[in-house]
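**Q** Residue numbers (the numbering used here), protein chains in the order written: chain Z, 1 to 482; chain R, 483 to 958; chain D, 959 to 1054.
Hints in this document: simulated from the structure, not taken from any laboratory.
Treat the hints with care, since some could be wrong.
As the list claims (entries may be wrong) - In silico lysine-lysine, BS3-like type, Cα no more than 30 Å apart, as pairs:
1) Lys1017(D) <-> Lys382(Z)
2) Lys1017(D) <-> Lys543(R)
3) Lys692(R) <-> Lys1050(D)
4) Lys444(Z) <-> Lys410(Z)
5) Lys871(R) <-> Lys915(R)
6) Lys987(D) <-> Lys376(Z)
7) Lys987(D) <-> Lys406(Z)
8) Lys1050(D) <-> Lys333(Z)
9) Lys611(R) <-> Lys88(Z)
10) Lys1026(D) <-> Lys76(Z)
11) Lys333(Z) <-> Lys1026(D)
12) Lys987(D) <-> Lys410(Z)
13) Lys543(R) <-> Lys670(R)
14) Lys376(Z) <-> Lys1017(D)
15) Lys333(Z) <-> Lys1001(D)
16) Lys1047(D) <-> Lys670(R)
17) Lys611(R) <-> Lys1026(D)
18) Lys539(R) <-> Lys1026(D)
19) Lys1026(D) <-> Lys670(R)
20) Lys1047(D) <-> Lys611(R)
21) Lys256(Z) <-> Lys1000(D)
22) Lys1032(D) <-> Lys76(Z)
23) Lys543(R) <-> Lys1026(D)
24) Lys1032(D) <-> Lys256(Z)
25) Lys611(R) <-> Lys1032(D)
26) Lys724(R) <-> Lys705(R)
27) Lys333(Z) <-> Lys696(R)
28) Lys376(Z) <-> Lys1000(D)
29) Lys1050(D) <-> Lys696(R)
30) Lys219(Z) <-> Lys1017(D)
31) Lys561(R) <-> Lys88(Z)
32) Lys596(R) <-> Lys333(Z)
33) Lys1000(D) <-> Lys382(Z)
34) Lys579(R) <-> Lys1000(D)
35) Lys816(R) <-> Lys596(R)
36) Lys1026(D) <-> Lys410(Z)
37) Lys88(Z) <-> Lys1050(D)
38) Lys444(Z) <-> Lys39(Z)
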Amino acid sequence: MKLNFLTAHELKNLLDSGRNTPTDILNDVKIRYEETESKVRAFARTPFFDQVKIRQDADGPLAQIPVAIKDNICSKGDLTECSSRILKGFRAPYDATVVEKLKNSGAIIFGKTNMDEFAFGSSCETSCFYPTRNPWDLDCVPGGSSGGSAAAVAADEVIMSLGSDTGGSIRQPASLCGVVGLKPTYGRVSRYGLIAFASSLDQIGPFTKDIRDNALLLKVIAGYDERDSTSVPMPVPDYLKILGKDVKGMRVALPKEYFVEGMDLEVRASLEEAKARLESLGAIFKEVSLPHTEYAVAVYYIIATAEASSNLARFDGVQYGFRAQSGNDNDSKGLISMYKESRGQGFGAEAKRRIILGTYVLSSGYYDAYYSRALKVRTLVKQDFDKVFSDFDVILTPTSPTPAFKIGEKMDDPLSMYLSDIYTISVNLAGLPAISLPCGFTKKGLPLGMQIIGKPFGEEDIYRLAFQYEQNTPWHKEKPKL
Amino acid sequence: MEYEPVIGLEVHVQLNTATKAFCGCANVFGVRENTNICPVCLGLPGALPVLNALVLKSAVKVALAFNCSIRDYIKFDRKNYFYPDLPKNFQISQFDKPLSERGFLDIENNGIKKRVGITRVHMEEDAGKLIHSESEPFSYVDYNRAGTPLLEIVSEPELFSPEEAYAYLTDLKMILRYLDVSDCDMEKGSLRCDANISLKPKGEKKLGVKTELKNMNSFKAVKAGLSFEIRRQTECLEGGEKIVQETRLWDEKKEQTFSMRSKEEAHDYRYFPEPDLPPFSFAQKEIEEIRASLPELPQARLKRFMDSFGFLEKEASVLISDKDLADFFEACLKVLPLHKKIANWLIGPISAELNNRNVSICALGLTSERLVRLISLVENGTVSNLVAKDVLFQMLETSKDPDVIISEKNLSQVSDTDELKKMIEEVVAANKKSVDDYLAGKENALMYLVGQVMRLSQGKANPKMLRDLIAARLKQ
Amino acid sequence: MAISKEDVRYIANLARIGLSESEIEHFQKQLEGIFEYIDQLKKLDVSAIMPAAHVLDIKNVTRPDIVKSSLDPKLVMDSAPAKQGQFFKVPKVIEG
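For reference, chain Z alone in the conformation it holds in the complex (with noise of 0.2 Å):
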């Protein structure tokens, strides 16, 4: 078998053992590349092919396994554009910190990963540069906005990929395109170096082939950092000794308000079968409610927008990124112009449609009526949880209301395509760690998957159940074909 299609801890396997070399991991990934790239469109551009180099002496948990990055996380020279026309040419000056951590761990930084503008999607259609599209149906989306680390990892371009996720742009790309993605508890990975979107409900997560690797990769990212005033000083657990526990006896909730009437079937009957299945290997489940769910989009769609109306105020052709040619003429009409030249070309629709409406929102006498509101249900939302948690293990969910949909199917229709989040965005409000794997399929052979949530820094309950419900399922060994 090609040495792509491994795992990270397989690939380790190997090498330890002397019956592969890192040179023959990277010659697989790169083959891979060429033959499925042009199908797939995961990468913002070309990986660092020329410049990714074998690291003898690396020794680290990660060493010589290729992994690529979402292009909103600055990697030291880099281009890191957040598939922004505004963007262009943006080199970033330093290394994130996971960036560092990884570097650290003796991974191969491969590439950039295309993403939704910003973050700003749950398609990857807002790209400047191209729509990624799904490794199971080439007419169909990845998910977004990681869904080019979503789709790279699903198409075995890369053994593994970091993303981030605001409202969902982890799990749901995840689900979409059956891998495992996880969202860590806000706080638990530093947002150093990643471009934000969403300050208070950014973070940075794993994407993996299997639950292993997915906890190996988020011990290596995982951990406080002092240039980070919101990360968290608390010791990263060995997530990887969790994993041969049995579920008997976790308490797992079903909240009542994510299985409603008229859900897509299958999506509901994969539920079911996974919790028949985990059920069956001792874990309790009850239904539970959490009643201000049917708020959690709006709110979101308020926080994320104003927050990132501001964190992108500073894309504006001074200092980096595009310029609009008329800001630098001699006969130039000025300061003003420039800067609405330059962001009013360089932004794309629905990058200047979130600003508008987060400006909005923020603006002179509608900022108690929206924002502050808003700020006020977020509490509501986050007690919701924590009454749940103070008698559950876990909370399980579908991820995603509908499996991949097609190609432009809701690109008119913002609020359709706000509404895909629906299931993952109360986790960013209430800052909860959750992860989406894969449960099945449909008839049509596109990928099903399942949210687990944890209470704050509860990843290990969460991987706990995964790896279970994972070892005693076939899906995660099914491969796409391109």
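With chain Z held as given, fit chains R and D onto it using these hints.
**A** Same frame as chain Z, but now just chains R and D:
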């Protein structure tokens, strides 16, 4: 109709921490453009702020010194507006939950004491600098200053004349210097002041429409700008015009204020809580610890100087007006317990010299040891007071010890009786008339003769001995 | 909530985004739909609820006042859209 001005001042002061407010870049002035920068203060994508602990502590000190109460829940907010000197196009500032509120400052103007309310003291970051081209339609941006820690100190509109505003600023600066949190140098921009001013008919309670004055680069300019604005607004009102609420810039050369005339859109700063910075709060104990660590403030020192040394308020005021001067005084006092003598030197010739050179005592090149030595030399009769003043100036010029100067220039007082007698004989011989006048009862003649001997000795004759010896010689 | 094209223009100006007439029209309709959706929050009584600006219960995060090395200006200036010496160059503010 007679109008009364109502003035409120907004002071921005740069803190003298080693690093900037939210990053580890050095907090320095005067380096090459865009060298003192990092991803955080440049607002590069992905960079995050972390508050400098000393900024928070200095801010609390200032708030306590101005008698403010520290809030239980302190947060930062983003103030959003576009300008090229603002790298992120928002400023990290404080809006509705600032560090501290409701303080006061006691000032004195023309001998009248008054308490002025302080609305709030809050923390924020400074912007970079914009240089406008004279010849081209471009401006140039330098971000070295971006992220420098600032405190904003806002007064209540409780100042009723330019002179009161001046006194407020002087006292405010004095306290900041005592706290050693800023060098308060307006020329370097480390202290900046904007003023709000409106007029109302005398006796009326309701405030009039205000203008905001900017671009005043000294306390004198603040006073002049306010005085101009009072005249301008008075003329407007008397001519039946309405005052326009606007920002006006003080033009130092023309000595006038001018409207900025920008088509300023109504400010809509879209403040919201800074999500990258968790909130702050202090336990009462921590606040008390900081309070206890505050240095003695000017008012307390004034009182102590008056009580312990019997100085007049006028004398003590000069000594305490500059913390360095007062510290210098106390340093001298430790070596030589002659408070009156030391004070006379400091209030007299040394203060005059400080004013001439417009420097602080630290920059004068005088150590307390040398001043004490000089005073001791007067006390033990080595030099006269008169010569000592000369020696002081030479000390400042040459940075030499007073003993060295005295011996090099042979300035020691002549206290040798024989030598003095020789000179007296010479003078008596040449001034027969004065001798006769004295003998005829004219006491003044004696002083004249003393003066002549003094001249002959180039000021070095011991005046007391000289007087006694001449009197004895004439009575012979 | 009703949103006029004038509202969109005002907000786009605040956000310094140049929009074409057709974009304004398009956004006005879409935003109206989005606001209709988020207006459902008004159903809730939140008068007694504390806002959650931060989801974590952490506070008092500071760093010591210790100087760290600055960035090599070349790394930044090399990708500047316009520069003059080591200054970033921008069009002047034109008033009015």
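**Q** Against each hint, give a clear statement of whether it holds in the structure.
**A** Results for each hint:
no.	hint	result
1	Lys1017(D) <-> Lys382(Z)	18 Å, holds
2	Lys1017(D) <-> Lys543(R)	20 Å, holds
3	Lys692(R) <-> Lys1050(D)	29 Å, holds
4	Lys444(Z) <-> Lys410(Z)	20 Å, holds
5	Lys871(R) <-> Lys915(R)	33 Å, violated
6	Lys987(D) <-> Lys376(Z)	28 Å, holds
7	Lys987(D) <-> Lys406(Z)	24 Å, holds
8	Lys1050(D) <-> Lys333(Z)	9 Å, holds
9	Lys611(R) <-> Lys88(Z)	26 Å, holds
10	Lys1026(D) <-> Lys76(Z)	18 Å, holds
11	Lys333(Z) <-> Lys1026(D)	40 Å, violated
12	Lys987(D) <-> Lys410(Z)	16 Å, holds
13	Lys543(R) <-> Lys670(R)	23 Å, holds
14	Lys376(Z) <-> Lys1017(D)	19 Å, holds
15	Lys333(Z) <-> Lys1001(D)	46 Å, violated
16	Lys1047(D) <-> Lys670(R)	24 Å, holds
17	Lys611(R) <-> Lys1026(D)	22 Å, holds
18	Lys539(R) <-> Lys1026(D)	20 Å, holds
19	Lys1026(D) <-> Lys670(R)	24 Å, holds
20	Lys1047(D) <-> Lys611(R)	12 Å, holds
21	Lys256(Z) <-> Lys1000(D)	23 Å, holds
22	Lys1032(D) <-> Lys76(Z)	13 Å, holds
23	Lys543(R) <-> Lys1026(D)	25 Å, holds
24	Lys1032(D) <-> Lys256(Z)	57 Å, violated
25	Lys611(R) <-> Lys1032(D)	19 Å, holds
26	Lys724(R) <-> Lys705(R)	23 Å, holds
27	Lys333(Z) <-> Lys696(R)	27 Å, holds
28	Lys376(Z) <-> Lys1000(D)	12 Å, holds
29	Lys1050(D) <-> Lys696(R)	20 Å, holds
30	Lys219(Z) <-> Lys1017(D)	25 Å, holds
31	Lys561(R) <-> Lys88(Z)	27 Å, holds
32	Lys596(R) <-> Lys333(Z)	51 Å, violated
33	Lys1000(D) <-> Lys382(Z)	18 Å, holds
34	Lys579(R) <-> Lys1000(D)	25 Å, holds
35	Lys816(R) <-> Lys596(R)	35 Å, violated
36	Lys1026(D) <-> Lys410(Z)	48 Å, violated
37	Lys88(Z) <-> Lys1050(D)	24 Å, holds
38	Lys444(Z) <-> Lys39(Z)	19 Å, holds
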